[in-house]
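Enquirer: The listed protein sequences correspond, in order, to chains P and G. The numbering of the first sequence is the working numbering, which starts it at 1 and goes up by one. The numbering of the second sequence is the working numbering, which starts it at 1 and goes up by one.
Careful, some of the hints might be misleading.
[Said to hold, decoys possible] Here are the simulated DSS-like pairs of lysine-lysine, each with C-alpha atoms no more than 27 Å apart in a straight line:
| id | chain 1 | residue 1 | chain 2 | residue 2 |
| --- | --- | --- | --- | --- |
| 1 | G | Lys501 | G | Lys515 |
| 2 | P | Lys109 | G | Lys175 |
| 3 | G | Lys104 | P | Lys175 |
| 4 | P | Lys103 | G | Lys175 |
These are computed hints drawn from the structure, not numbers from a lab. Computed from a prediction, not measured in an experiment: that's the story for all the values here.
2 protein chains.
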Amino acid sequence: MTAEKSCDPSVNEMLQIAKKKGISTVWDRYRAQLPQCGFGESGLCCRNCVMGPCRIDPFGDGPDKGICGATADTIVARNLNRYIAAGAASHSGHAKHLAHVLKKVSAGKAADYSVRDEAKLVAVARRLGFETGGLTVSEVAGRVADAALAEFSEREEPLAWVESTLTGGRLAKFKELGVMPSGIDAAISEILQRTTMGVDADPVNNLLGGIKGSLADYAGCHLGTDLSDILFGTPMPVFSEANMGVLKEKFVNIALHGHNPVVSEMILAAAKEDAVLDQAKEAGAEGINLVGICCTGNELLMRHGVQALTHSVSQEMPILTGALDAIIVDYQCVYPSLTTVAQCYGTKVVTTMGIAKIPGAVHVEIDEENALVKAREIIALAIERFKARKDAPTFIPDVKSSVVAGFSTEAIVGALAKLNAQNPLKPLIDSIIDGNIQGVVLFAGCNNVKVPQDSNYLAMVKELAKRDVLMLATGCGAGALARHGFLTPEATEEYAGPGLKAVLTAIGMANGLGKPLPPVLHIGSCVDNSRAVDIAVALANTLGVDIKELPVAASAPEYMHEKAIAIGTWAISLGIPTHLGVVPPVVGSSLVTSVLTQGAEDILGGYFIVETDPVKAAEALFAVIQKRRGGLNLATRAW
Amino acid sequence: MTAEKSCDPSVNEMLQIAKKKGISTVWDRYRAQLPQCGFGESGLCCRNCVMGPCRIDPFGDGPDKGICGATADTIVARNLNRYIAAGAASHSGHAKHLAHVLKKVSAGKAADYSVRDEAKLVAVARRLGFETGGLTVSEVAGRVADAALAEFSEREEPLAWVESTLTGGRLAKFKELGVMPSGIDAAISEILQRTTMGVDADPVNNLLGGIKGSLADYAGCHLGTDLSDILFGTPMPVFSEANMGVLKEKFVNIALHGHNPVVSEMILAAAKEDAVLDQAKEAGAEGINLVGICCTGNELLMRHGVQALTHSVSQEMPILTGALDAIIVDYQCVYPSLTTVAQCYGTKVVTTMGIAKIPGAVHVEIDEENALVKAREIIALAIERFKARKDAPTFIPDVKSSVVAGFSTEAIVGALAKLNAQNPLKPLIDSIIDGNIQGVVLFAGCNNVKVPQDSNYLAMVKELAKRDVLMLATGCGAGALARHGFLTPEATEEYAGPGLKAVLTAIGMANGLGKPLPPVLHIGSCVDNSRAVDIAVALANTLGVDIKELPVAASAPEYMHEKAIAIGTWAISLGIPTHLGVVPPVVGSSLVTSVLTQGAEDILGGYFIVETDPVKAAEALFAVIQKRRGGLNLATRAW
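Throw the hints in and build the complete structure from the sequences for me.
Expert: Pasting the structure below:
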């Protein structure tokens with residue numbers, strides 16, 4: 001926990017190798033950037049026209065306005081909005097990609113893909129209000145794909161993936177504020193226009209635009225989850241392992257990195273083919289070992305139990321084992337530095353998407369119509385590298401943790417149904433009412449080189465678990481907890497308070513696990529934060545309250561991506577108080593800062609809690625839960 | 001020309017007042033920003049995630065990579081792409097707004113608006129391939145509006161407003177490069193995704209994405225022109241005046257500022273109503289004097305001969321006359337500082353669009369269904385202010401120039417048809433062939449506080465006019481030339497070379513003007529750069545060549561807006577060498593700089609010429625023209 005760079009022992013082992021070999025890593029590049037620009041850090045730098053760049057002096061000794069007259073408040077709000085727009089474009093771009101695949105599946109034009117979860121397809125179609133009786137799977141898939149693609153265009157009706165997935169209270173609030181997006185791509189473009197020189201100078205009006213953009217991001221996330229489940233299956237609990245010890249010296253080790261399962265599912269399918277396995281064996285390997293990085297890894301872990309290699313800030317490290325033969329990437333959160341480090345080892349870095357190339361990588365474009373063929377081609381590259389390295393020593397850290405993952409909403413409801421088949425949510429609600437579960441906290445987001453890797457997650461989870469707070473986790477947050485053994489029944493035994501332990505044990509026993517569920521349920525990748533919303537909405541609707549009254553909160557203790565800012569903004573808009581463990585680039589405006597951290601509570605119910613000390617952050621989230629419990633006339637507890 | 005801040009005498013007069021009264025202006029704010037951040041100026045600052053901000057040391061003494069490993073090339077290309085995306089969002093947002101108005105007009109839901117130019121409507125519909133026979137105007141309008149709105153959504157077919165308006169050679173090139181956008185908003189979102197942390201690290205691939213985004217911008221511009229013409233009329237030559245001397249002490253002076261005629265056309269209509277005029281007279285005014293700022297001003301000047309007050313960097317100045325009663329703004333290029341300066345004078349600043357508010361302004365929201373009613377309400381605010389100031393002294397500079405404007409493509413073709421009704425382009429082509437017209441240069445873009453206002457325009461136009469180069473102008477560039485008397489027959493007499501003078505005189509005489517046309521033809525607002533493309537495409541198709549072979553070039557000698565970067569990028573993509581008189585924020589990457597200024601010529605035919613000295617810039621453009629003339633086997637000339 002006092003580690004300077006990472007709390008992960010395998011990362012620290014690799015850092016020794018990097019040091020010895022003189023290989024530069026993300027931590028070296030971070031140190032080289034210090035001190036970082038204070039104007040940028042506080043949001044006070046504007047580059048939105050070529051009269052600038054302009055900077056506002058936060059101490060009042062220099063300029064208080066940009067050349068056009070934009071104030072600190074305006075500049076900070078505009079910069080925040082552009083982060084949100086980029087986040088929304090990323091999540092929804094991922095979702096749009098899936099919608100095209102589903103569309104092609106429905107039209108019989110993507111032979112390598114199929115609808116693997118017909119029940120989910122029908123459930124989504126019905127949620128959208130479609131009649132499905134008498135229709136073939138392809139027909140239903142076509143309608144859902146069309147509805148998904150229609151979300152991106154501007155239109156008269158509110159976004160179906162917002163309207164059909166939230167509480168009535170939230171929808172009424174969004175209509176009242178005028179923040180219902182009229183189309184995902186339309187909302188993104190609107191932000192870019194309003195933040196350009198000479199358009200929206202009103203900081204609060206800008207923030208409303210940002211909220212609208214964040215709801216477009218929410219729709220993109222939910223679409224991403226739904227369409228992935230339809231195409232590749234809805235996750236159900238699986239056992240697996242995480243951390244660099246999952247690499248196998250004698251195998252062709254292939255890491256799948258990025259976010260969208262569209263590529264990795266095909267690599268997985270190809271890697272199971274006899275011909276491909278034979279190829280690996282002919283090269284002298286015992287087999288092919290697929291492992292995951294970041295959210296592509298989460299998608300594979302959730303659906304197939306594929307082992308998680310590492311996450312986020314440590315993505316360069318596995319190359320230093322010498323045992324990683326290829327990293328196959330789709331898009332988002334992929335460090336361009338991978339190719340530089342890989343060059344020292346011969347590890348193949350393979351890019352697969354036209355919008356995401358990296359100098360020094362091999363590019364093998366994958367589309368819906370050639371996916372398996374290309375997947376085989378890519379695996380052949382990894383095998384080729386294995387052949388070249390097989391007699392060389394490897395340095396695989398003997399570090400891995402067991403993991404229970406796969407907690408989709410459907411899986412959680414299914415597990416609860418073992419306690420109460422009629423009303424599966426009742427055991428959970430009863431536990432919240434009687435205080436065995438004090439509330440629920442969602443951990444989301446990334447690692448950030450500014451925080452010793454994983455440290456905030458670990459400290460917060462320990463504090464909250466012992467106070468009977470049930471936790472959910474997504475993305476690299478879930479990955480951090482996975483690598484440190486927090487997604488296990490044993491973690492419940494070790495860290496959970498008595499109430500939480502009792503509930504998790506009851507559910508675990510009823511499901512034949514013979515042990516409690518983990519104290520943190522891995523609900524998926526970043527887009528799968530939508531699963532947490534589904535659970536919150538189900539709780540709220542069952543209780544007859546709005547989300548903003550529930551004893552729930554969220555935390556992004558080590559976030560770094562624009563996507564995380566978009567998610568955080570929709571979380572507070574949905575009425576969920578959200579902790580940020582890294583100071584967001586808004587502190588240059590006391591107005592924007594106070595709206596986001598205070599005023600938002602009155603308007604939205606949710607607000608940001610910025611706290612870099614993880615114990616204090618846990619305390620703040622526990623206080624939120626207690627306040628919300630009080631609001632529902634439930635018994636409260638002191639910290 | 002040696003003016004420090006502005007070459008405009010009325011601006012310099014107002015600056016004396018500002019100095020005396022201690023009122024801060026854009027030039028003061030610029031001075032306060034000096035020295036500007038060199039990282040931002042060179043494009044070497046990345047704020048696309050919260051691990052940053054990162055900076056690359058251009059001198060090689062500090063970091064050569066961002067924390068994620070992004071190089072200078074990657075960072076510069078990404079930043080450029082985000083400028084292009086914001087520019088495209090602005091132009092196309094403006095166009096989308098017009099499409100919604102046209103749609104409501106077609107549905108009978110926007111009583112204050114109508115199709116004023118049925119011939120243009122039919123021409124656009126036919127260009128799109130629609131049968132119009134037997135359809136009512138409303139029906140055709142509905143189809144064109146639907147086609148326009150469909151441009152924003154992702155779809156299979158290329159953008160209709162790209163496909164139907166360019167040469168076959170250009171379309172083939174864009175398909176070859178994979179840069180045909182699949183939807184305007186889709187292309188904008190794609191740029192945001194590809195430029196976020198961990199997506200596209202390949203600088204050249206990023207630049208291709210930027211070109212795609214710029215073509216989305218081009219579609220937005222052309223849509224903006226077409227829909228404005230349909231709704232408000234296609235401009236035909238008009239006489240008017242420009243500069244602050246157009247204010248009238250005894251009148252209620254109202255400036256219309258921004259870009260979209262949707263608001264200003266309603267103010268214009270309301271200002272002509274008897275009841276409204278009576279209101280003004282009751283307040284003691286002789287009448288209502290509407291004047292224009294920036295492109296809203298250009299739209300009104302082009303269609304109605306409304307006088308142009310000022311442009312871009314001098315937009316605060318007219319307030320200092322004391323005679324300006326209200327500034328009514330829609331969006332884009334509106335300095336938030338207007339309200340600060342206006343406060344000293346009581347001038348009303350009225351915002352009208354939900355996405356464009358300004359602290360300190362009165363907000364009166366205008367939509368398609370309440371436009372005239374709200375227009376009257378806004379004029380009443382101006383009258384109220386007139387009442388309060390009517391006995392106070394005013395300081396209106398006695399500076400104005402006469403202007404001939406209104407040169408839409410249709411107007412230019414119409415004027416040429418007076419020389420050759422069968423083949424109107426022939427006189428122009430013959431003049432180019434025989435060298436009386438050496439070539440055509442389009443002046444576009446803004447004023448930028450970094451350049452003494454108008455100085456680059458004036459110097460370049462003088463150099464090119466005397467060398468028989470015909471010029472077109474849009475936006476604040478056209479405004480600059482208008483204020484300095486270059487949009488007049490007299491300017492042809494004074495500055496044009498003998499060949500150009502002969503041609504312009506022949507056209508002027510044939511059109512009953514009794515004088516030559518101006519040496520620079522005002523073709524409209526920024527979106528109307530599309531009119532220049534129409535002319536180039538018509539020339540290319542008539543000559544049987546591609547745009548990239550024509551002796552044409554463009555210049556944005558004092559640009560500053562993200563929109564200008566988007567326009568410049570599509571201009572080079574269309575094969576038009578384009579001069580930039582302000583160094584764009586890309587010089588931190590020698591790769592990006594060399595692709596844009598050199599490599600692009602091979603790939604696209606167009607490329608950027610960066611030159612801050614206007615005479616050298618004119619020389620460079622003349623050299624382009626000579627090279628292109630040589631390519632067509634036309635006689636060439638030395639500088």
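Enquirer: Let me make sure I understand: some of the numbered hints might not hold for this structure. Which ones are they, in numerical order?
Expert: Failing hints: none at all.
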